[in-house]
Every structure is written in structure tokens, then in C-alpha cells.
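Chemist: Given next are the chains, with one letter for each unit.
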Amino acid sequence: DTGVSQDPRHKITKRGQNVTFRCDPISEHNRLYWYRQTLGQGPEFLTYFQNEAQLEKSRLLSDRFSAERPKGSFSTLEIQRTEQGDSAMYLCASSSDSQNSPLHFGNGTRLTVT
Amino acid sequence: EDQVTQSPEALRLQEGESSSLNCSYTVSGLRGLFWYRQDPGKGPEFLFTLYSAGEEKEKERLKATLTKKESFLHITAPKPEDSATYLCAVRLDFNKFYFGSGTKLNVKP
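So the protein sequences, as listed, match chains A and B.
Under my numbering, think of the first position of the first sequence as 1, with each following residue one higher.
Under my numbering, think of the first position of the second sequence as 1, with each following residue one higher.
Derived by calculation from the structure, the hints in this document are not laboratory data.
Small disclaimer: the values here were computed from a predicted structure and weren't measured.
It is possible that part of the hints are untrue.
Said to hold, decoys possible - Below, in silico cross-link-like pairs of lysine to aspartate or glutamate (EDC-like), each with a Cα-Cα straight-line distance of 20 Å or less: (1) B:K42 - B:D82; (2) B:K42 - A:E44; (3) A:K57 - B:D93; (4) B:K96 - A:E44; (5) B:K42 - A:D24; (6) A:K57 - B:D2; (7) B:K104 - A:E44.
Sequences and hints are given; from them, build the entire structure.
Modeler: Below, the structure written as C-alpha cells:
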């Protein structure tokens with residue numbers, strides 16, 4: 001069990017540019033989540049995958065955000081035409097199908113939009 | 001509306017000074033309450049899961065308890081290495097975990 005891996009750890013981009021983040025979940029976990037966290041706040045739910053199917057998206061997830069999980073393994077989160085308000089920590093988490101399974105988080109990607 | 005509220009927002013303790021953190025929730029259909037520890041620049045690290053009122057879980061200096069409306073994280077004789085932000089989350093169904101804003105704990109030697 002190598003844990004949830006996220007890449008890159010930090011990303012600085014200029015407003016209007018597109019960025020893509022990658023998440024590799026714990027290998028046997030079927031469920032994958034993306035959260036966003038700003039300073040002093042708890043993680044906010046963005047979207048959720050069961051295997052390769054995206055089952056739910058938060059109203060926070062504007063049309064500029066898109067997430068994929070091809071083949072039910074790793075996932076990518078893309079933000080198009082970034083805005084300064086997108087600056088945050090983007091966290092990925094995974095869990096097993098067990099009803100009692102907690103979320104296991106990666107160390108996140110810190111995005112700064114200048 | 002489903003809500004999770006943590007208090008206090010910040011807590012400063014001397015080493016060895018025991019205290020408790022609170023997580024209150026107003027949700028329907030609770031399927032579990034989770035405690036996490038988060039260090040600066042890192043993702044939350046899972047600590048405990050509680051499912052029913054009266055349940056308790058312990059790990060080293062930490063003990064989590066659950067009632068029908070709130071959960072407490074008791075910290076006994078804390079050490080500086082316990083300094084972190086402690087988050088609670090409720091699960092309403094398989095895909096919905098709602099987090100509180102956390103309590104930032106600072107333990108001074």
C-alpha cells in the first residue's frame with residue numbers, strides 16, 4: 001500500500017491558462033474523490049468516481065472544471081481558463097467499496113493563479 | 001440543511017494540559033463520523049471512525065466519542081507533536097462526506 005499519490009505537488013500558473021492535475025489512488029480502491037481546500041477551511045467536495053464512472057459533481061464544479069478516470073485507475077482534474085479564485089489545495093482521496101471505509105487522502109496539489 | 005461545526009477554531013495548550021475538541025452536526029441519515037489530522041501542506045490523515053451514539057475509540061493520547069448530536073476528540077497530556085489541525089467529517093451515504101472547518105491545535109513545550 002503506497003498510499004494516494006498526487007502530481008504535481010505545486011503549480012503556479014497565470015490567469016487564463018489551463019492546468020491538469022493527476023491522482024493515483026490506492027490500487028485496490030474503486031472509489032475516487034476530488035476535494036478543494038482553501039486556507040482555514042475544511043475540504044469541499046468536488047466530484048466522485050466509482051471505477052471509471054463519474055457519479056456525482058458538486059455545484060462548485062463550474063464548466064471550466066473537468067475530471068476523468070479512464071479505465072478506473074488514475075484520475076485527472078483539468079481547470080480551463082484559470083481564475084485567481086481557483087487558487088487552493090486540490091486533494092484527491094480514495095476508498096474501497098466497504099461501507100465502513102474512510103477516505104484516504106493524498107498530499108494534494110497546491111495551485112496558485114497569478 | 002446539513003451542517004458540521006467544529007469548535008474552537010483554534011486552541012493553544014501547554015504540554016500536558018488535557019482538553020477536548022468539539023464537532024457538532026445537524027444531518028439526516030448519518031452513516032459515520034470521521035476524525036482526521038492534517039499537518040501543514042499535507043493531506044488529511046485518517047484517525048477514527050464512529051458509527052453509533054455511545055461509541056468510543058482510542059489511539060495513544062487521543063480518544064473520540066460520539067453522541068446523537070456531537071462528537072468530542074479528547075486529548076490527554078498532549079505533546080508538541082500533537083500540534084495540527086483536526087478535522088471531523090460526516091458521511092451521509094457512500095459518496096458524500098461533509099467536513100467541518102477544523103480546529104487548529106498548538107501545543108507549547
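Chemist: Name the hints, by number, that the structure is in violation of.
Modeler: none
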